[in-house]
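Asker: Single-letter residue listing:
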Amino acid sequence: MLIVEDLQKRFRLAKKGLFSKKPKTAVVSDPRHQPPWFHAVRGVSFQAQPGTIVGLLGPNGAGKTTLMRMLSTALTPTAGTASFAGIDIVQNPLEVRRKLGFLSGTTGLYGRLTPREMITYYGRLHGVDNQAITTRIAEMSRNLEMDSFLDRQSDTLSAGMKQKVSIARTLIHDPEIVIFDEPTTGLDVSAAQTVLDFIGECCQRGKTVVFSTHHMHEVKRLCDSVVLIHEGARRFIGTVDDMLEQTACEHLDQAFLKLVHTQGNPDHAA
Amino acid sequence: MLHNILTVFAKELREVLRDRKTLIFMCVLPVALIPLLASVSVKFVTEANEKARTETLEYAVYHQERMPELLHGFDDVTGFARVDGIAQTEIAAAIEDERIDFALVIPEPPEVGAAHIELHYNTASQTSKIDDRVEEIVDAYAKKVQTDALTQLGLTTAEAREGILTPVVVDTHSTADMREVIGEAAGGLLPYLFIIFCFLGCLYPAIDLAAGEKERGTLETLLLAPVPRVQLVIGKFLVVFVAGVTAAVLAIVGMGAWLLSEGQELRGALGEVVNSVSTLDLVLIGAMLIPTAAIFAAMLLSISIYAKSFKEAQSYTAPLNMIVILPVALAMMPGVELDGTWAMVPLTNTSLAIKELIKGTMDYTLLVLILASTTILAGLLLGFCTWWFRREDVLFRN
Numbered sequence: 000m001l002i003v004e005d006l007q008k009r010f011r012l013a014k015k016g017l018f019s020k021k022p023k024t025a026v027v028s029d030p031r032h033q034p035p036w037f038h039a040v041r042g043v044s045f046q047a048q049p050g051t052i053v054g055l056l057g058p059n060g061a062g063k064t065t066l067m068r069m070l071s072t073a074l075t076p077t078a079g080t081a082s083f084a085g086i087d088i089v090q091n092p093l094e095v096r097r098k099l100g101f102l103s104g105t106t107g108l109y110g111r112l113t114p115r116e117m118i119t120y121y122g123r124l125h126g127v128d129n130q131a132i133t134t135r136i137a138e139m140s141r142n143l144e145m146d147s148f149l150d151r152q153s154d155t156l157s158a159g160m161k162q163k164v165s166i167a168r169t170l171i172h173d174p175e176i177v178i179f180d181e182p183t184t185g186l187d188v189s190a191a192q193t194v195l196d197f198i199g200e201c202c203q204r205g206k207t208v209v210f211s212t213h214h215m216h217e218v219k220r221l222c223d224s225v226v227l228i229h230e231g232a233r234r235f236i237g238t239v240d241d242m243l244e245q246t247a248c249e250h251l252d253q254a255f256l257k258l259v260h261t262q263g264n265p266d267h268a269a
Numbered sequence: 000m001l002h003n004i005l006t007v008f009a010k011e012l013r014e015v016l017r018d019r020k021t022l023i024f025m026c027v028l029p030v031a032l033i034p035l036l037a038s039v040s041v042k043f044v045t046e047a048n049e050k051a052r053t054e055t056l057e058y059a060v061y062h063q064e065r066m067p068e069l070l071h072g073f074d075d076v077t078g079f080a081r082v083d084g085i086a087q088t089e090i091a092a093a094i095e096d097e098r099i100d101f102a103l104v105i106p107e108p109p110e111v112g113a114a115h116i117e118l119h120y121n122t123a124s125q126t127s128k129i130d131d132r133v134e135e136i137v138d139a140y141a142k143k144v145q146t147d148a149l150t151q152l153g154l155t156t157a158e159a160r161e162g163i164l165t166p167v168v169v170d171t172h173s174t175a176d177m178r179e180v181i182g183e184a185a186g187g188l189l190p191y192l193f194i195i196f197c198f199l200g201c202l203y204p205a206i207d208l209a210a211g212e213k214e215r216g217t218l219e220t221l222l223l224a225p226v227p228r229v230q231l232v233i234g235k236f237l238v239v240f241v242a243g244v245t246a247a248v249l250a251i252v253g254m255g256a257w258l259l260s261e262g263q264e265l266r267g268a269l270g271e272v273v274n275s276v277s278t279l280d281l282v283l284i285g286a287m288l289i290p291t292a293a294i295f296a297a298m299l300l301s302i303s304i305y306a307k308s309f310k311e312a313q314s315y316t317a318p319l320n321m322i323v324i325l326p327v328a329l330a331m332m333p334g335v336e337l338d339g340t341w342a343m344v345p346l347t348n349t350s351l352a353i354k355e356l357i358k359g360t361m362d363y364t365l366l367v368l369i370l371a372s373t374t375i376l377a378g379l380l381l382g383f384c385t386w387w388f389r390r391e392d393v394l395f396r397n
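One line per chain: the protein sequences are Z and Y, in this order. Going by numbering that gives the first Met the number 0, the first residue of the first sequence is number 0, and it counts up by one from there. Going by numbering that gives the first Met the number 0, the first residue of the second sequence is number 0, and it counts up by one from there.
Just so you know, these hints were derived from the structure itself, not from any lab. Note that CB positions come from ideal geometry on N, CA and C, so glycine has one too. Heads up, some of the hints might be wrong.
[Unchecked claim] Okay, the calculated bits of chain Z under chain Y, using three or more residues with CB under 8 Å as the criterion:
{"no.": "1", "region": "69-76"}
{"no.": "2", "region": "99-105"}
{"no.": "3", "region": "126-140"}
{"no.": "4", "region": "189-196"}
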C-alpha cells in the first residue's frame, strides 16, 4: 500500500544574474511563487491500495511530475512522508526503488543499444539474475509482440515500438508499484492502446498503480480513484463518480475544469 | 558495489564504442594525425630549407665598379643571376614585385674603417637564406681583402694573422647533448598534442554519458535503479577516463610508430634525437597522462551533468578548451622549467615532465611529485563530480 502524507516540495528560485533575461510579461499571480522559494507541491496526501489505480490529474505545471518524482525517489521531499509497504521513501530509497517501476511518455531509450541489451541492463541494475532476465525478456517479448525488433538498434524503432520496450524495461524486475507519468503522450491510437492494456494488466496482477494523464477517457476507463492537483495543492480526491457528482457535471472534462477553476482552499470540492 | 559499477561501465563502454564520432576522436585521430603531422612538418621544413639553399637568387647591384672582385664572387658560384636595368630608386618595388630577390649597393671604399655594403631584401620570409648566402660570399671577399692587407704588413702566415685578429678565443664546451638541445626547442609541442588528444578523447563520451542521457530522457529512469548515485557516476567516469587514456596512448603509439618507420631515415641531429627516445620514455609519458585523463574525465563529466542538453554541454566545454590549452602552452614559454613549484601546477607540470622525458633530463623525484599531485587533484575532482551528481538542482535543472 502506498501512503502519502502532506508531501511538500519547494525549489529555490534562480537568482537574477548579470545575463539573465527580463521576463517579457508580468509573472502571473501564483501562490506557489514565494521568493526565494517556489513551492511546487504543497501538502498532498492520498493512499493507493494494491490492485487499484489512482489517477493523478492536473493542468500542465500543477506539480504532478514533481509529486511523482518524489514518489519514485528521484527527488527528496522538503516535508511530509510517503511510504510503500511500510518502507519510507526518504529513509530507504534504494529499497523502494527495488519495488518500483516508472514509465513516462518522454522516457527515452539508449539509441545505440538493442531492446534486449537495454532491458538486460536494467535487469542487472535491479539485481535480477541472468537466467531470470532471459526468461522474463522472452515472456514479455511474446506478450508485447517485440520478437521482430528485440535485437534491432533502438534508434531505428518507431514510437510505439519504443514504448513497448519501455514497458518491458519497467517490468523487468516485476515491481510491486508502478508509476506512469503521461505514458500515452505522443503515441498513436494503437500504441496508446497497448500502454493502457498494460496499465490495466498491472492492476489485475495486484500492483499498486499511480497514473498521470490529461486524457479523461483514460481516467474513466482505468482509474479507481482520482487525485486532482492544481498549483501544487490537492483540489479533489475521490472516485470518478464522486468527481462528477460533486461538480454536477456530465463529463469528466467539465468536472476537471470546474475543479481547477474553483478558487479557495485546497480540497474545496472534495 | 563493484557489480553495479561494472554493469554501468560495460553498458556505457558498449554504447561509446558504437558511436562513430567518439571512435574518431578516441582512436582514429590520435593514431593517424600525429604521424601525419610529424611527417608533413618534417617534409615541409626539409624541403623549404633545401629550396632556400639551392634556388637561384636574382639580384641587382649598384656601383659594382667600387668592388669588382666582390662581384666575381657571385659570378663564380651557381645560384645567383644578375638582373640589370632596375634603377636604384626602385629597389623596394622590384623586390616586392619579385623581379629580384635582393639588391646590393656598394659604397665608396673609405680611407679608414669598414665599407658598409647595403643588402636589400624581404626579411619577412622565415625560410629565406638570402642573408646567409650573400654573407658567405661577402665574408669570403672581406677575408681576402683582410689577408692581402695583413700580408702587406708582413704577416705572411695564417697563424700570425689569426693571432692579431683574434688574440683571445672562447671555446664553448656544451654539457647539453643534441637530444637536450633539440628536445628543448621542439619538445613542447608533443606534450601539447598528447594532452589535447587526451582531452578530446574524454570530451564526447563525457557529453554523451551525462548531458546526452538527460536529453534522451534516459537519466531519470537510470536514477530510479536501486543503485547509489555514486556508483553510477563512477561507472560513467571510468568509461570517460578509459576513452581519454586510450586517445592519449594511441597518440603515443602513433608517435612511436612514426619514430620506428621514419626515425631511422631522418638525417643528422634530429634523427639522433628521435632514435634516443626509448620505450621506457614513451611508457613514462603514458603514465603521466593517466591522472591527466582522470582530471579531464571528472571535469567534463561534472560540466556535462549540469547541462540540460548535448548542445548546452558543448557550449560549456568550448571555453574549457582554452583553460586546458593555456597551462599546457605555458610549458613552451622560455624560462618555464620544471622545478618544485611548477611540479604543482596542473597540466603545466605534465607538459613540462613530458618535455623533460623527451629531452632525456627528467628528475625522477619531480616525476613522482607530479604523479602524486595530479592524482590527488584527479581524486578531488572525482569527489566533486560524485557530490555534484547527487544534487537535485543539477540533475533536474528544468
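Asker: Work down the list of hints and note, for each, if the structure agrees.
Answerer: Cross-check of the supplied hints:
1. 69-76: holds (count 5)
2. 99-105: It holds: at least three residues are needed, and the region 99-105 of chain Z offers 4 whose Cβ sits within less than 8 Å of chain Y.
3. 126-140: Answer violated; 1 residues pass the 8 Å Cβ test.
4. 189-196: Coverage by chain Y is violated for the region 189-196 of chain Z (0 residues, Cβ < 8 Å).
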